[in-house]
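Asks: With this note's numbering applied, the sequence shown has no gaps in its numbers, which climb one by one up to 340 at the end.
Rather than coming from a laboratory, the hints here were simulated on the basis of the structure. Hints are not guaranteed to be accurate.
Claimed, not checked - Here are the simulated SDA-like pairs of lysine to any residue, each with C-alpha atoms no more than 20 Å apart in a straight line:
id: 1; residue 1: 200; residue 2: 293
id: 2; residue 1: 200; residue 2: 166
id: 3; residue 1: 229; residue 2: 327
id: 4; residue 1: 211; residue 2: 221
id: 5; residue 1: 200; residue 2: 328
id: 6; residue 1: 200; residue 2: 216
id: 7; residue 1: 229; residue 2: 279
id: 8; residue 1: 200; residue 2: 158
id: 9; residue 1: 229; residue 2: 270
id: 10; residue 1: 200; residue 2: 339
id: 11; residue 1: 279; residue 2: 330
id: 12; residue 1: 197; residue 2: 168
id: 13; residue 1: 197; residue 2: 330
id: 14; residue 1: 212; residue 2: 136
id: 15; residue 1: 197; residue 2: 216
id: 16; residue 1: 197; residue 2: 166
id: 17; residue 1: 338; residue 2: 216
id: 18; residue 1: 211; residue 2: 284
id: 19; residue 1: 211; residue 2: 328
id: 20; residue 1: 200; residue 2: 321
id: 21; residue 1: 327; residue 2: 158
id: 22; residue 1: 229; residue 2: 158
id: 23; residue 1: 200; residue 2: 157
id: 24; residue 1: 338; residue 2: 166
What the hints assert, rightly or not - Quick list of the computed label-pair ranges, beta carbon to beta carbon:
id: 25; residue 1: 334; residue 2: 190; range: 16 to 24 Å
id: 26; residue 1: 338; residue 2: 291; range: 38 to 46 Å
id: 27; residue 1: 179; residue 2: 271; range: 34 to 42 Å
id: 28; residue 1: 338; residue 2: 255; range: 32 to 40 Å
id: 29; residue 1: 217; residue 2: 290; range: 37 to 45 Å
id: 30; residue 1: 283; residue 2: 257; range: 32 to 40 Å
id: 31; residue 1: 138; residue 2: 239; range: 26 to 34 Å
id: 32; residue 1: 242; residue 2: 331; range: 34 to 42 Å
id: 33; residue 1: 283; residue 2: 334; range: 14 to 22 Å
id: 34; residue 1: 167; residue 2: 292; range: 33 to 41 Å
id: 35; residue 1: 168; residue 2: 228; range: 40 to 48 Å
id: 36; residue 1: 331; residue 2: 275; range: 31 to 39 Å
id: 37; residue 1: 138; residue 2: 212; range: 36 to 44 Å
Glycine included, each C-beta is placed from N, C-alpha and C at the ideal position.
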Amino acid sequence: MSAHNPDSQLMERCMAFAGILQAITQVQSLARLGECDDAELSASLRTIIVTEPENIQEVYPAFSELEKGYKLILNQLGDSQKKDVETTRYLVGILALERKLARSANGMGMLAERINQVHRQLVHFAITDEQVLANFASIYSDIISNLGPKLQISGNPAILQRPLVQQKIRALLLAAMRSAVLWRQLGGKRRHLILSRKAVVDAAKLTLKNN
130 MSAHNPDSQL MERCMAFAGI LQAITQVQSL ARLGECDDAE LSASLRTIIV
180 TEPENIQEVY PAFSELEKGY KLILNQLGDS QKKDVETTRY LVGILALERK
230 LARSANGMGM LAERINQVHR QLVHFAITDE QVLANFASIY SDIISNLGPK
280 LQISGNPAIL QRPLVQQKIR ALLLAAMRSA VLWRQLGGKR RHLILSRKAV
330 VDAAKLTLKN N
């Protein structure tokens, strides 16, 4: 994707960051309740298969699919009392794994190869089909999980034992990684979340106001 002026790059970075949080909130919903919104699940999973976007709108085509993510930016980075420690823990874990993926000699190549296999599956199956979910989950387990300390998912132990819930959670963690990769490609750095918090929050507020 081509370079932009700083303002539009901040808006795009904010969009990718909302994408990470949107996937994380679905992981939490699945871990606690055993379900998440199907449309949101589809939207997050579709980001994984857009591997060579011309622009960020190809990755996140509809604002409605990221609305929760933007609201979470306000909660997590703003002055509100609604900060969720668990969300922060998952976010820090995903960003740490993304850094390891970026430094890994063949991680990105392996990822691209495996995602191409999913493209072939999608000729025959919907993106939320169990066989596709299983494939996304195994990509996460085989490539991402082995990069560093495993993310410990909190929730209802009985629900977390269900194979389909496990697959959906891993697939969504892969989607969170996809947005984290994009966030970094757009110039996102962890220090921005501390030093430029206000700018990120203001960008999220503006996006919510304009949609």
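Asks: For the pair supplied as a hint, residue 211 and residue 284, confirm whether the alpha-carbon distance does not exceed 20 Å.
Replies: holds (19 Å)
Asks: If you draw a straight line from the CA of residue 211 to the CA of residue 328, is it 20 Å or shorter?
Replies: holds (19 Å)
Asks: Measure nothing beyond the straight line between the CA atoms of residue 197 and residue 216; if it is 20 Å or shorter, mark the hint as holding.
Replies: Roughly 13 Å between the alpha carbons, so the hint for residue 197 and residue 216 holds.
Asks: When you check the alpha-carbon spacing of residue 338 and residue 216, does it fall within 20 Å?
Replies: violated (24 Å)
Asks: For the hint 40 to 48 Å, verify it against the beta carbon of residue 168 and that of residue 228.
Replies: Once the Cβ atoms are compared, 31 Å apart, the range 40 to 48 Å for residue 228 and residue 168 is violated.
Asks: Taking 20 Å as the top limit, are the C-alpha atoms of residue 197 and residue 330 close enough?
Replies: holds (14 Å)
Asks: Is 14 to 22 Å respected by the C-beta to C-beta distance linking residue 283 and residue 334?
Replies: violated (29 Å)
Asks: With a cut-off of 20 Å on the C-alpha distance, tell me whether residue 200 and residue 293 pass.
Replies: Violated. Residue 200 to residue 293 sits at ~28 Å, over the 20 Å cutoff.
Asks: Is residue 200 close enough to residue 339, meaning Cα to Cα at most 20 Å?
Replies: holds (14 Å)
Asks: Residue 200 and residue 321: Cα distance at most 20 Å?
Replies: Roughly 18 Å between the alpha carbons, so the hint for residue 200 and residue 321 holds.
Asks: For the pair we were handed, residue 229 and residue 279, check the Cα-Cα distance against 20 Å.
Replies: holds (13 Å)
Asks: Under the criterion that the straight-line Cα-Cα distance not exceed 20 Å, is the pair residue 200, residue 216 satisfied?
Replies: Given pair residue 200, residue 216 holds - Cα atoms ~13 Å apart, limit 20 Å.
Comparing the model with each earlier hint shows violations of hints 1, 3, 11, 14, 17, 21, 22, 24, 27, 29, 30, 33, 34, 35 and 37; every other hint is respected.
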